Amino acid sequence: MSELFGVPMTALAGQLMLGIINGAFYAILSLGLAVVFGLLNVINFAHGAQYMLGALVAWALLNSWGISYWWSLLLAPMAVGAIGLVLEKFLIARVAYDHRYGMLVTYGLALIAQGLVRDHFGAAGLPYSVPEALRGGVDLGFVFAPYYRVWVVAASLTLCVLTYLCIEKTPLGANLRAATENGALAECFGINVKLLSTLTYGAAVALAAFAGVLAAPMYSVNPVMGADLIIVVFAVVVIGGMGSLSGAVVAGLGLGIAEGLTKTFYPPASNIVIFIIMAVVLTLRPAGLFGRDKG
Amino acid sequence: MNSLLRGNAMASKLRGAAPSGTWQLFAGLTFLLLISPWFLYPLFLTKVLCFALFATAFNLLIGFGGLMSFGHAAFFGIASYIAAYCARTWGVPPELAIPLAVAGAAVLGVLIGALAIRRQGVYFSMITLALAQMVYFLCVQLPFTGGEDGIQGGVRLPFLGLFELNNDWGSYYFCAVVFLAGTWFAHRVVHSPFGQVIQAIRDNEPRAISLGYNVYRYKLTLFALSAGLSGLAGGLKATLFQVASLPDVHWSMSGEVLLISLIGGVGTQLGPLVGAFVVIAIEHYLAPFGSWVTITQGVAFIAVVVLFPKGIVGSWGSRVPGLFRSRAQAAVHSPPKQD
Numbered sequence: 001m002s003e004l005f006g007v008p009m010t011a012l013a014g015q016l017m018l019g020i021i022n023g024a025f026y027a028i029l030s031l032g033l034a035v036v037f038g039l040l041n042v043i044n045f046a047h048g049a050q051y052m053l054g055a056l057v058a059w060a061l062l063n064s065w066g067i068s069y070w071w072s073l074l075l076a077p078m079a080v081g082a083i084g085l086v087l088e089k090f091l092i093a094r095v096a097y098d099h100r101y102g103m104l105v106t107y108g109l110a111l112i113a114q115g116l117v118r119d120h121f122g123a124a125g126l127p128y129s130v131p132e133a134l135r136g137g138v139d140l141g142f143v144f145a146p147y148y149r150v151w152v153v154a155a156s157l158t159l160c161v162l163t164y165l166c167i168e169k170t171p172l173g174a175n176l177r178a179a180t181e182n183g184a185l186a187e188c189f190g191i192n193v194k195l196l197s198t199l200t201y202g203a204a205v206a207l208a209a210f211a212g213v214l215a216a217p218m219y220s221v222n223p224v225m226g227a228d229l230i231i232v233v234f235a236v237v238v239i240g241g242m243g244s245l246s247g248a249v250v251a252g253l254g255l256g257i258a259e260g261l262t263k264t265f266y267p268p269a270s271n272i273v274i275f276i277i278m279a280v281v282l283t284l285r286p287a288g289l290f291g292r293d294k295g
Numbered sequence: 001m002n003s004l005l006r007g008n009a010m011a012s013k014l015r016g017a018a019p020s021g022t023w024q025l026f027a028g029l030t031f032l033l034l035i036s037p038w039f040l041y042p043l044f045l046t047k048v049l050c051f052a053l054f055a056t057a058f059n060l061l062i063g064f065g066g067l068m069s070f071g072h073a074a075f076f077g078i079a080s081y082i083a084a085y086c087a088r089t090w091g092v093p094p095e096l097a098i099p100l101a102v103a104g105a106a107v108l109g110v111l112i113g114a115l116a117i118r119r120q121g122v123y124f125s126m127i128t129l130a131l132a133q134m135v136y137f138l139c140v141q142l143p144f145t146g147g148e149d150g151i152q153g154g155v156r157l158p159f160l161g162l163f164e165l166n167n168d169w170g171s172y173y174f175c176a177v178v179f180l181a182g183t184w185f186a187h188r189v190v191h192s193p194f195g196q197v198i199q200a201i202r203d204n205e206p207r208a209i210s211l212g213y214n215v216y217r218y219k220l221t222l223f224a225l226s227a228g229l230s231g232l233a234g235g236l237k238a239t240l241f242q243v244a245s246l247p248d249v250h251w252s253m254s255g256e257v258l259l260i261s262l263i264g265g266v267g268t269q270l271g272p273l274v275g276a277f278v279v280i281a282i283e284h285y286l287a288p289f290g291s292w293v294t295i296t297q298g299v300a301f302i303a304v305v306v307l308f309p310k311g312i313v314g315s316w317g318s319r320v321p322g323l324f325r326s327r328a329q330a331a332v333h334s335p336p337k338q339d
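If you read the sequences in order, they're chains A and B.
Per my numbering, residue 1 is the first one in the first sequence, and the count goes up by one each step.
Per my numbering, residue 1 is the first one in the second sequence, and the count goes up by one each step.
Think of the hints as simulated: they come from the structure by calculation, not from any bench.
Check before you lean on any hint, since a few could be wrong.
Said to hold, decoys possible - Computed footprint of chain B on chain A; a stretch qualifies when at least three of its residues, placed anywhere within it, have a C-beta under 8 Å from a C-beta of chain B:
hint	stretch
1	62-74
2	103-112
3	249-260
Said to hold, decoys possible - If you only want the chain A side, here are some residues facing chain B, beta carbon under 10 Å, derived:
hint	residue
4	G14
5	L116
6	R135
7	G137
8	M242
9	F275
10	G288
Claimed, not checked - With beta-carbon atoms standing in for the labels, derived distance ranges:
hint	chain 1	residue 1	chain 2	residue 2	range
11	A	G125	B	F308	54 to 64 Å
12	B	S252	A	M78	24 to 34 Å
13	A	G137	B	L111	40 to 50 Å
14	B	V299	A	M78	20 to 30 Å
15	A	A154	B	S315	36 to 46 Å
16	B	G21	A	V280	44 to 54 Å
17	B	S252	A	L284	25 to 35 Å
18	A	G66	B	V243	45 to 55 Å
19	A	P171	B	S192	49 to 59 Å
20	A	I276	B	S252	17 to 27 Å
21	A	V86	B	G91	37 to 47 Å
None of these values were measured; they are calculated from a predicted model.
Positions of the beta carbon are idealized from the N, C-alpha and C atoms, including for glycine.
Extracted from the complex, chain A is given alone in its bound form (with noise of 0.2 Å):
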């Protein structure tokens, strides 16, 4: 069988795939984002920008440097997710009170970001080639696979899954479960809400930049990025609910999925189908498919 309902089946695996890994990438912020709303009360507008900075600060170790892209998948992330503890201790941790004040201050951070790497590196985007030992590909008979993809995949899905267990299985991930539950309960068990509300927003940093330095071979590194692709993931976070975290990982993968076969079988709504979805969705469903919250 070469062809389904008159599309080669080649271009619907290759589809496939490309949506795969948008979806991995939708899965890693939206639970970063849900992470970080569970426990500081505030969205991250800055989410986008910061793995935009990913893919940049890769770039320009590669460039400035000869950094490697392995070091910078360990390098970059470190030193994002730097900014992002000092950020939350001086800024978004003073105006958590109110989640729509968190939202607009890191809509603010999302726009310096964006403004200052636009004014030093441009707007054209810059281009980062695959690493040596990961270009070429396989043949798998229906559908020509790129080793580098196969990679992101494979790093990205491994990735959410540690998250997932992370959370979901230490001691420390306990804490912060108990700390998003109740945090002043949390507080009066002696554990220090304050340090791991930072921690926990630096750590999210750190995996949206690891997104960033992932995905900066296969996109152009543009200021734009991840603005473009944040918005997108607020859909899906509408879409999941915000209430439980392999629910945001189902729903980032499934939506991405649901794009690639959009692109495949009518292009014009490969834009769009995940904004519809939302729109079905909220009307069916309004707390969202795996959603516990109810705003």
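Knowing the structure of chain A, use the given hints to seat chain B on it.
Okay, now just chain B, sitting in the frame of chain A:
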């Protein structure tokens, strides 16, 4: 809703409630609008007034309804496209093109509002942003918008065949009249029984529900009114500047109107005008420096929220001693509500 935003609105309501104050306010505003083109470039003022009208519409929703929309660019932009398209393609005169634009924006407002008000707080903001982004993508792809180029040029037809809009002064005074009418309309909405219910819902939604108000319908009506008024601003801008393009529907436009409202003071009557003046002036003077407009706007967002969340007009108002101070201050310190 945070106590500061709400208190701000309360304070302004208390100040503006007296009928004598209203007439003084509008007389002063009319005088200011009449004389200002002698001191400042009329085209610049026209742009300020268009954005002040947009912010007035936005303020209706955020200040009095407590709903922080992040997608108002959709209404401004779609109205801008409708007005420009009607004028350019069919030669429709402004007295018809602008109402058509308002109607289009209001219909879109009902559609987006019906979905968005199903959720509250940050979810509301995210949904409006996402749906506005969908409108943006539609505008990129649909043929009638002219894609990246937008709709440009054409002749500015006289209003009702009499009032010449083809010069800077004519278009400025036309804009000033429409702005005054829009501001007066918003003022009437806020001080109507409908407006009182809207503020009651903002302050305590469960209680408004228990009193028997159909909260969903009130919020939707407010959302549609705000969208329609944003459409008036968009249609006006497209008619007077003869351009409708993608920046009008982009999310950064939603951010801009939010910034104007915040800088001026959420829930104040003069806030939109003051905020628009400041923001447009910044854009005007920083335009040669490219990205620094964006950076300055980002810094302004943070500065306003951290340093003076009540905005320029709100902060000024609360320092006025005497008459309304105790009640206004009491409103500011009322306990915050979860939502």
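Each hint, compared with the structure:
| no. | hint | in the structure |
| --- | --- | --- |
| 1 | 62-74 | violated (count 0) |
| 2 | 103-112 | holds (count 9) |
| 3 | 249-260 | violated (count 0) |
| 4 | G14 | violated (22 Å) |
| 5 | L116 | holds (6 Å) |
| 6 | R135 | violated (33 Å) |
| 7 | G137 | violated (31 Å) |
| 8 | M242 | holds (9 Å) |
| 9 | F275 | holds (4 Å) |
| 10 | G288 | holds (9 Å) |
| 11 | A/G125 to B/F308: 54 to 64 Å | violated (38 Å) |
| 12 | B/S252 to A/M78: 24 to 34 Å | holds (30 Å) |
| 13 | A/G137 to B/L111: 40 to 50 Å | holds (44 Å) |
| 14 | B/V299 to A/M78: 20 to 30 Å | holds (26 Å) |
| 15 | A/A154 to B/S315: 36 to 46 Å | violated (54 Å) |
| 16 | B/G21 to A/V280: 44 to 54 Å | holds (48 Å) |
| 17 | B/S252 to A/L284: 25 to 35 Å | holds (32 Å) |
| 18 | A/G66 to B/V243: 45 to 55 Å | holds (47 Å) |
| 19 | A/P171 to B/S192: 49 to 59 Å | holds (57 Å) |
| 20 | A/I276 to B/S252: 17 to 27 Å | holds (23 Å) |
| 21 | A/V86 to B/G91: 37 to 47 Å | violated (58 Å) |
When each numbered hint is compared with the structure, violations occur for hints 1, 3, 4, 6, 7, 11, 15, 21.
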